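> Listed below are the residues making up each chain.
Number of protein chains: 2
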Amino acid sequence: MADFANRLLEKSRKKNSVLVVGLDPDISKFPGSLLPARPEGEQVQEAIIRFNRMVIDNIAGYAVAVKPQLAFYEVFGSRGIKALEDTVSYARDSGLLVIADAKRNDVGFVSEAYAEAFLGKGPLSADAVTVNPFLGSDGMVPFIEKAAEESRGVFFLVKTSNPSSGEIQDLATDSGRPVYERVAGLINKNLSAYEPGSEGYYFAGAVVGATYPREARLLREMLPQCILLVPGFGAQNADASRLSVYFDREGSGAVVNSSRNIIYSYLSGDRDKEKADEEEASRCIERAAEEARNRLNAIRFG
Amino acid sequence: MADFANRLLEKSRKKNSVLVVGLDPDISKFPGSLLPARPEGEQVQEAIIRFNRMVIDNIAGYAVAVKPQLAFYEVFGSRGIKALEDTVSYARDSGLLVIADAKRNDVGFVSEAYAEAFLGKGPLSADAVTVNPFLGSDGMVPFIEKAAEESRGVFFLVKTSNPSSGEIQDLATDSGRPVYERVAGLINKNLSAYEPGSEGYYFAGAVVGATYPREARLLREMLPQCILLVPGFGAQNADASRLSVYFDREGSGAVVNSSRNIIYSYLSGDRDKEKADEEEASRCIERAAEEARNRLNAIRFG
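From first to last, the protein sequence lines are chains H and R. Residue numbering for the first sequence follows the working numbering, starting at 17 and increasing by one per position. Residue numbering for the second sequence follows the working numbering, starting at 17 and increasing by one per position.
Treat the hints as calculated values from the structure; they're not laboratory data. Predicted model only: the values in this text are computed from it and were never measured. Hints are supplied without guarantee of correctness; some may be wrong.
Simulated pairs of lysine-lysine, BS3-like, Cα-Cα distance not exceeding 25 Å [unchecked claim]: (1) Lys-45(R) <-> Lys-137(H); (2) Lys-45(H) <-> Lys-137(R); (3) Lys-137(R) <-> Lys-27(R); (4) Lys-137(H) <-> Lys-27(H).
Examples of chain H residues toward chain R, derived with CB under 8 Å [unchecked claim]: (5) Pro-55; (6) Ser-94; (7) Lys-119; (8) Val-123; (9) Gly-138; (10) Pro-149; (11) Gly-155; (12) Leu-173.
Ideal Cβ positions, reconstructed from N, Cα and C, are used throughout, including at glycine.
Sequences and hints are given; from them, build the entire structure.
Structure, rendered in structure tokens:
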């Protein structure tokens, strides 16, 4: 299997897209015809599978990857995880990469188990996983090693998109640099034993929220060989016109996630979810994905 | 349901113990008679359930809680999570509290889903969950709110037990204080709207590794109303004689986790796991739990 960065960038060129679609299933928002009669057990599992397959069918032409958010599956326990297993395999069969947005982290021997879970050979294995760096190198390295071994990817949280991310990540350290820069330094240090892929990018990248373009400009420079995974585009009120700083000079090197603005696009305006059927939802989702892709292309090539 | 801190402290008094036993199932270490013929699917699920039930039966008299480590279940996908669901319910039926060692974290609306998963009414709901604070207050507060609502607990990572935890957590900030102190400050700030339970402790506590007693002494003072969850006792080479600083003056206010030294105690010395049967393993596990409890009692009352 080719290097993860190469696979992602090649897919991006082929589809002329940097769009990642977040798969955050929320059954209270499903079209009426998909709503389970009783929101539990096998009915929920089947509803999530049907919803995600509908989304995947309609975004596959416009997105490079899907990003299932683990929390929305774990909330239903083993049934939710079973639905996720189906989603991972259906997305891959549909020509999409899968980024497991798990934000996992732990001490070394536990991180090894998480890396095996998300980048190994088990039923939840994705193309890449997001990882929290708070525990330092020995919580990060097992993901890097497993990704290298299995030709998968990893994205470390550096500057997250939420309003209070600065409470820890922006703290000025005694070197004068904020915590998020120190995290970027740790990523570079832990990748120094590896070679970037033939396209110039490492298999390990960084999560930098769309809501922080000022920090992104600096991080783009500090991490010239890391693909940026950019959440917060759309729903989290990022200023789209400032997103160009996340890309390299060729308009590449970053992928941008949108979740609710696409997968629940049929709920916007005065539409009523009770009346939304799958056909109408499909049309809305496809149109929203196409629009998001085009908007991002205008930004990076603009 | 009574406040989480009260429940934990009452159980601790009743059992005369501050021991938490980590449930990190590793099928390669299971006694021969529990090893699945094929390490996949339903066989793995059943082997984990049987192993954990055996451990729970033998430690229930000596421990206040079990701490399943999510990674070791996720690695088997929905089958592993199904085994975890059984373990959570079996442990509770055996009079043990369950601390889900998940180290979850995300932006606000996703943290809400994680809080619902681990502290709500679903199949993975535990008595408490561990949470990574790297995203700041809006990733932390949903866990606090859900714990308050459901009389559950949450433990925020403050200073983790692993060797490289200092790379981020010890960074000196411009106020002269390290990041872990700033995290402790965030915990206090986000708890200020709540009252501690009648025993003087909040339902939200802090993870402070047994390997860092110097930092623990300070954190014990900074977080006088937070129960400390202390991993790294035993396997991670903590100096047991220095653990007294984690407790309050009554020898309370902290619980200490041991995982492999107890649940795989039958593998120590020249014992051969192939030959270890469940009966022998049971005896070893019970003895190791009793010894760990007594050792911790000697430290906190010593």
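> Would you mind marking each hint as holding or not holding in the structure?
Here is what the structure says about each hint:
With a C-alpha separation of about 20 Å, the suggested pairing of Lys-45(R) with Lys-137(H) holds against the 25 Å cut-off. For the hint linking Lys-45(H) to Lys-137(R), the alpha-carbon distance of about 20 Å falls within 25 Å, and the restraint holds. A distance of roughly 23 Å separates the Cα atoms of Lys-137(R) and Lys-27(R); the hinted pair therefore holds under the 25 Å criterion. Taking the CA atoms of Lys-137(H) and Lys-27(H), the gap is about 23 Å. The hint holds against a cut of 25 Å.
Below 8 Å, beta-carbon pairs count as interface contacts, and Pro-55(H) has none with chain R, the closest being about 11 Å; its hint is therefore violated. At a threshold of 8 Å, the smallest CB-CB gap from Ser-94(H) to chain R is about 4 Å, leaving the interface hint in force. Residue-level restraint check for Lys-119(H) holds (minimum Cβ-Cβ distance to chain R is 6 Å; threshold 8 Å). Hint status for Val-123(H) relative to chain R: holds, with the closest Cβ pair at about 4 Å, below 8 Å.
At its closest, the beta carbon of Gly-138(H) sits 6 Å from a beta carbon of chain R; the interface hint therefore holds under the 8 Å criterion. Taken as an interface hint, Pro-149(H) checks out: its beta carbon lies about 6 Å from the nearest beta carbon of chain R, inside 8 Å. Annotation: interface hint on Gly-155(H) holds; nearest CB of chain R at approximately 6 Å, less than 8 Å. For Leu-173(H), the interface hint holds, the least distance from its beta-carbon to any beta-carbon of chain R being 7 Å, beneath 8 Å.
Checked against the numbered hints given earlier, this structure breaks only hint 5.
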